[in-house]
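Enquirer: Line order of the protein sequences matches chains Y and S.
Position 79 of the first sequence, counted from 1, bears residue number 79 in the numbering used here, the numbering being contiguous throughout.
Counting the second sequence from 1 gives a position; the numbering used here is that position plus 1000.
Source of the hints: derived by calculation from the structure; they are not laboratory data.
Beta carbons: idealized from backbone N, C-alpha and C, even for Gly.
Take these hints with a grain of salt, some might be off.
Said to hold, decoys possible - If the Cβ cut is set under 8 Å, some of the chain Y residues that face chain S in the computed set are: (1) Lys14; (2) Lys192; (3) Ser195; (4) Pro320; (5) Val321; (6) Ala358; (7) Glu367; (8) Val386; (9) Gly419; (10) Tyr453.
So you can see what is in the structure, the chains are spelled out below.
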Amino acid sequence: MGLQSRNFKELYKKQIRKPTLRTNLSKATLQAVDSRSQSFESIDFDFLQNQAKAIKEETISSLNEYLSQYQDAAEHNRCKVFFAQSAEKARAYVLDVARSHNVHTIVKSKSMVTEELDLVPFLENYGIEAIETDLGEYIVQLAGEKPSHITTPAIHKSRKEIAELFHDKLGSALNPDPPFLTAEARRVLRNKFLSAEMGISGANFLIAETGDAVIVENEGNARLSTSAVKVHVIVTGIEKIIPKFNDLRIFMRVLGRSSTGQKMTSYVSLIRGPRSAFEKDGPEEVHVVLVDNGRSSLLGTQHQEVLHCIRCGACLNVCPVYRNIGGHAYGSVYPGPIGSLVTPLYFGKDNAPDLPFASSLCGNCTEVCPVGIRIHHHLLSLRRDVVRLKKSRLQDFVFRSYRKAMLRPGRYELIGRLGGVLGRAGLLKAVTKGWTRDRELPDFPVKSFRSIYKTGKKS
Amino acid sequence: MRVFLFVPCFVDQIFPNVAVSTLKVLEHVGCEVIFPEKQTCCGQPAYNSGYFDEARLVAMHEVNAFLDYRGTSSEKSIARFDSERDYIVGPSGSCTAMMRNFYPELLKDDPRYEEISRKFSSRAFELTEFISKIIGVDRFKGKLNITVSYHDSCHSLRELKVKQEPRNILTRIEGLKFVELPYTEVCCGFGGTFSVKFPDISVAMAEEKLKNFRVTGAEVLVSADTSCLMHLDGWARRNGTKARFAHIAEIMAESIS
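Extracted from the complex, chain Y is given alone in its bound form (with noise of 0.2 Å):
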């Protein structure tokens, strides 16, 4: 599908027309805000989003020194690592080990990255066959559609477009119960992690110090096709370092309480190596595949910081504008407050110059971004990055005049009575269009107070 995010515009305003869309979104994620805090209520918040902070920014500070750490260990333990540059790098990786095994089936479970990527459609090209397996992801691709978002896929679905989705392509029957329909989903999926040679997963954590991957999930399906199949590939970002083994305990407690309000999720799988000679099960081959595709460009920059994200989505969940527009709008895998800032700075600033802006600077998302990243501000900053890229001579002659003006207080005075008269005769509704299609003007004062004050010294 590629990066649409240029699109914005268009994409935000066919979604917020939608007619349940806004009422899916607004039921789930404002119940994700209340278990969030909930679950925040019986632990120190400020103390772990320090200390999370502190560790990833001692990580992404030195972030080869540690990256090289962690192949060493990952080596060492026989996982055979491999570092992408590019998006057609990592999948040419890929599919180069699909093929010397001659994979035909592979399950996967949720990555981002693997979105990223758009891994799945290119397997597919090549006649390899790659099953969503987490309950959400499986529905968006049944649907042949992308995530909404980065943890929950499907979000933007009621039960019951669920249940007509299951219905078309499944045959089942029309029954929106989620117990049903996880078994539904259950009973094709465990075929498929039977007969599929390759399991594909992401990884929350890499451990420099261990070489561990660490999979945090709920449904067991990545731990299923992380140890049932023959092969298996990481797919993640370079920026999933953590320094040591101990560094674990701070993340379990922010992650699954800032995704979904859990204290812990149901499953944690740390996964060393393939198969050892001691052990029955698991997979001959692990791969890890360490993708870049543009996170470095942010190293040594004022936005290094946004390579702290660990991916929880609670400041997608907290966004007032995400919450009506839902993920799709913004055209890239990334969606959200973090996704308007990593889609322009991986992908690049002028194929998403809207995405700064799609925010009321609220700062919801700064307030519980679990590693501090300061979200809100990187969006200003960008802001003024994309003026100075895409000049708008319109924009450009708006703000100079509002300069000229702010800096002479008498020809501030001036424009803002003569403001006063057109509007109180109504001739600024044609200028002022953005904001009087869907709202009034306010009601236009006589004086202003600046000449209020002066009338009462006088007297």
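Start from chain Y and add chain S according to the hints.
Expert: Frame of chain Y, contents of chain S only:
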């Protein structure tokens, strides 16, 4: 206590009653109030639109309007701003956040302004936090029979960390009934130029806010930011929703008259 009154540009030009009320409230709690007339705008419209150079010049003008103020001939004392003693107070969480949190960032590369902006920024207060933290809320007394609910503006709440202060003030007013607004911490959708760049998203957020306001059954929705109120009022009037929107300074001023 001497206060240099800061009046946001659109309050000055479109909502003068908010500034008149602020002046009245400040005098009521015993402040000597000075309005430096060279002030215009804090620079936020340009800053939030990515026009940092324009914002910087306007911000410098604003800083100078206060710090270089020498008083008018009609003022008895030489009203020179003393950053050890005097305060800058305005009826806006958003513009105060600009002055306090964003000026130091915006002006940091200018050798002269780093210190000045720090001195200036640390003296800038939003009205309700000034009354609560500096004056003491017990200095304020009022009486008004009214039912109100309160909308937390994002900049008050998240940039200035003001949450309890306006509530403490409102609930001190005799006869006033306070009803908490569901999801009060969710943005109203104004967001400066966001409101005209993405009007459909902006008004969808206003719609949610007013839905929650109706649940409270209150007569007036109060806030410490006129911009949120202008946006909500504009939407309500277009859609035939009968509600009053008032700045907290207006309610306070009404309660002491």
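Enquirer: Hints first: check each against the structure and report whether it holds.
Expert: Results for each hint:
no.: 1; hint: Lys14; in the structure: 11 Å, violated
no.: 2; hint: Lys192; in the structure: 40 Å, violated
no.: 3; hint: Ser195; in the structure: 45 Å, violated
no.: 4; hint: Pro320; in the structure: 5 Å, holds
no.: 5; hint: Val321; in the structure: 6 Å, holds
no.: 6; hint: Ala358; in the structure: 6 Å, holds
no.: 7; hint: Glu367; in the structure: 6 Å, holds
no.: 8; hint: Val386; in the structure: 6 Å, holds
no.: 9; hint: Gly419; in the structure: 7 Å, holds
no.: 10; hint: Tyr453; in the structure: 5 Å, holds
Checked against the numbered hints above, the structure violates hints 1, 2 and 3; every other hint is satisfied.
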